[in-house]
Amino acid sequence: MAKNLQLKAARAEKDMTQQALAAAVQVSRQTINAIEKGEYNPTIRLCRAICRVLGKTLDQLFGEES
Amino acid sequence: MGTLKEKAVQAANKWLGPSTLDEMQELKTLKIYRNGMIFTWLALMVAIVAQLLAGARLPQIAGEWLIFMAVDIYILGAMIKAGIWSTRRKLKADWPTSLWASAIASVSTLAFGWATSGTLWGGLLTAAITLVLCLVCFAILLQVYKIRQKKLEQEPEEKNDGE
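Line order of the protein sequences matches chains A and B.
With numbering that gives the first Met the number 0 applied, the first sequence covers 0 to 65.
With numbering that gives the first Met the number 0 applied, the second sequence covers 0 to 162.
Simulated from the structure, these hints should not be mistaken for lab results.
Do not take every clue at face value.
What the hints assert, rightly or not - Once the Cα atoms are required to be at most 27 Å apart in a straight line, the calculated DSS-like pairs of lysine-lysine come out as: (1) B:Lys6 with B:Lys27; (2) B:Lys80 with B:Lys149; (3) A:Lys2 with B:Lys27; (4) A:Lys2 with B:Lys30; (5) B:Lys4 with B:Lys149; (6) B:Lys80 with B:Lys91; (7) A:Lys36 with B:Lys27; (8) B:Lys80 with B:Lys30; (9) B:Lys27 with B:Lys80; (10) B:Lys30 with A:Lys36; (11) B:Lys158 with B:Lys4; (12) B:Lys145 with B:Lys91; (13) B:Lys30 with B:Lys91; (14) B:Lys89 with B:Lys30; (15) B:Lys27 with A:Lys7.
What the hints assert, rightly or not - Partner residues are not named here, just some residues of chain A that face chain B (Cβ under 10 Å, in silico): (16) Met0; (17) Thr16; (18) Gln17; (19) Gln18; (20) Val24; (21) Val26; (22) Ile34; (23) Glu38; (24) Pro41; (25) Thr42; (26) Arg44; (27) Phe61.
Unchecked claim - A few chain B residues that don't get close to chain A, going by computed Cβ distances all over 12 Å: (28) Leu26; (29) Met36; (30) Trp40; (31) Trp84; (32) Thr86; (33) Lys91; (34) Ser116; (35) Arg147; (36) Glu154.
Bear in mind that the values here come from a model prediction, so they are computed numbers and not experimental data.
Cβ coordinates follow ideal geometry from the N, Cα and C atoms, glycine included.
Bound-form chain B, shown alone:
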């Protein structure tokens, strides 16, 4: 009985043969995957925004949106499970940072909402909803992250076999 990851590695080894890469090549491969992932994420976001600005309806971009959200949820879940909030020291897991991030998201959606709805009120409504949603999400995520991090930090040491 192994984890899902171990089973996936076993299946890959069985069907494709074991890895031919050494540790440095593995690391480089991960960096290439990461760059590819960042590019795909940004390109997908640009594609969604461009289509919405061009007048596409939500059902028309449902595929892209679902993939975008699924990737985001996976990254968010995996990061919190690993006890990692951000890769940048200045982006702390606290309320001031969350407020800033929510405000930035809100202001960016103001212009977007204005452009798509055609009225300033439409933009303000979109911005307000974004602000509230972001703050609620941050409140939940901060709590879950802190619980997870505390659990990881307090994990007991492994005992030696002889003890």
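Just chain A, same shape as in the assembly:
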């Protein structure tokens, strides 16, 4: 699975650490780390929660890169 660089960039845009994002969406930091590294494919529920916190759409964060 490819790395999720969009998520990392969006998090940096908001000046959030992995720990802060994890706390905001109520998961562990290792889960956010695994998503960014492309090691874990989150459920749609978690994807939506992350999008809400970072102010992005599903397509922007989890859509396929062209």
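Could you slot chain B onto chain A? The hints should help.
Only chain B this time, still in chain A's reference frame:
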């Protein structure tokens, strides 16, 4: 009124507190349980075979055998209920695959029966009985699986509240 699983979750939440795991950790926990289950299953099978080869009588291994069979029956029942035959694409729910599986089981018990009975005829008898038993089991399971799968595939869509 909930299902048995829901009641078990409620009881666990009441006595142990709610789960502290997130979705990825839950998934990892399931994978750890699965690996543990595979290891235990294999270790139990090896223990049973080793004890029988060492000359143990059936009553002496009754505990292990009962646990082994109970686990197998649970897995088999749960898989068929879920409409799953195998996790491998090549192991299809058909007669050629069942014949192959039965033949492999039969040949493996040939050596085992030979070793425990001390005669080739003992081994051949064990192998023949295994072959017939496996084929009968497969015939029944294939039928039950196909009925179950058909039912799951034909389940009607849920209607919206507004309809």
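The hints, checked one at a time:
Our distance criterion of 27 Å between C-alpha atoms is met by Lys6 of chain B and Lys27 of chain B, whose separation comes to about 23 Å. The suggested pairing of Lys80 of chain B with Lys149 of chain B holds, with an alpha-carbon distance near 11 Å, which does not exceed 27 Å. At most 27 Å may separate the alpha-carbon atoms for a hinted pair to count; Lys2 of chain A and Lys27 of chain B meet this at roughly 20 Å. For the hint linking Lys2 of chain A to Lys30 of chain B, the alpha-carbon distance of about 22 Å falls within 27 Å, and the restraint holds.
The hinted pair formed by Lys4 of chain B and Lys149 of chain B meets the criterion: a straight-line CA distance of about 25 Å does not exceed 27 Å. At roughly 17 Å between alpha-carbon atoms, Lys80 of chain B and Lys91 of chain B fall within 27 Å of each other, so this suggested pair holds. Using a Cα cut-off of 27 Å, the hinted pair Lys36 of chain A and Lys27 of chain B holds, with the two alpha carbons roughly 16 Å apart. The straight-line distance between the Cα atoms of Lys80 of chain B and Lys30 of chain B is roughly 21 Å, inside the 27 Å bound, and the hint therefore holds.
For a cut-off of 27 Å, the pair hint linking Lys27 of chain B to Lys80 of chain B stands: about 24 Å separates their Cα positions. For the hint linking Lys30 of chain B to Lys36 of chain A, the alpha-carbon distance of about 20 Å falls within 27 Å, and the restraint holds. Only pairs whose Cα atoms come within 27 Å are accepted, and Lys158 of chain B paired with Lys4 of chain B is accepted, the gap being roughly 25 Å. Under the criterion of a C-alpha separation no larger than 27 Å, the hint pairing Lys145 of chain B with Lys91 of chain B is consistent with the structure, at around 12 Å.
Pair hint Lys30 of chain B plus Lys91 of chain B holds up; C-alpha atoms about 24 Å apart against a cutoff of 27 Å. Taking the CA atoms of Lys89 of chain B and Lys30 of chain B, the gap is about 23 Å. The hint holds against a cut of 27 Å. For the hint linking Lys27 of chain B to Lys7 of chain A, the alpha-carbon distance of about 23 Å falls within 27 Å, and the restraint holds. Here the hint on Met0 of chain A is broken, as its CB sits about 13 Å from the closest CB of chain B, past 10 Å.
Violation of the interface hint for Thr16 of chain A is found here, the shortest Cβ-Cβ separation to chain B being roughly 17 Å, above the 10 Å cut-off. For the restraint placing Gln17 of chain A at the interface with chain B, the shortest Cβ-Cβ distance is roughly 13 Å, beyond the 10 Å limit, so the hint is violated. Checking Gln18 of chain A against chain B by beta carbon gives a least distance of about 14 Å; that is not within 10 Å, so the hint is violated. Interface restraint check for Val24 of chain A: the shortest CB-CB distance to chain B comes to about 9 Å, inside 10 Å, so the restraint holds.
Here the hint on Val26 of chain A is kept, as its CB sits about 4 Å from the closest CB of chain B, short of 10 Å. With a cut of 10 Å, the hint placing Ile34 of chain A at the interface with chain B holds, because the nearest CB-to-CB distance is about 8 Å. For Glu38 of chain A, the suggested interface contact is upheld, since its CB lies about 9 Å from the closest CB of chain B, less than 10 Å. The criterion of a C-beta within 10 Å of any C-beta in chain B is met by Pro41 of chain A, whose closest approach is roughly 7 Å, and the hint holds.
Of the supplied interface hints, the one on Thr42 of chain A holds, with its beta-carbon coming within about 6 Å of a beta-carbon of chain B, less than 10 Å. Here the hint on Arg44 of chain A is kept, as its CB sits about 8 Å from the closest CB of chain B, short of 10 Å. A cut of 10 Å between beta carbons decides the hint on Phe61 of chain A: the least distance to chain B is about 15 Å, and the hint is violated. The non-interface label for Leu26 of chain B is inconsistent with chain A: the shortest C-beta to C-beta separation is roughly 8 Å, within 12 Å.
Distance to chain A confirms Met36 of chain B as a non-interface residue, since its nearest Cβ pair spans about 22 Å, more than 12 Å. Interface exclusion of Trp40 of chain B from chain A stands, the closest Cβ pair being 27 Å apart, more than 12 Å. Every C-beta of chain A lies more than 12 Å from that of Trp84 of chain B, the closest at about 25 Å, which supports listing it as non-interface. In this structure Thr86 of chain B is separated from chain A by more than 12 Å, as the shortest Cβ-Cβ distance comes to about 19 Å.
Annotated as non-interface, Lys91 of chain B keeps its C-beta farther than 12 Å from every C-beta of chain A; the closest such distance is 28 Å. With a cut of 12 Å on Cβ distances, Ser116 of chain B stays outside the contact zone with chain A, its closest approach being about 52 Å. The Cβ of Arg147 of chain B lies farther than 12 Å from every Cβ of chain A, with a closest approach of about 27 Å, so its non-interface assignment holds. No beta-carbon of chain A comes within 12 Å of the beta-carbon of Glu154 of chain B; the shortest separation is about 22 Å.
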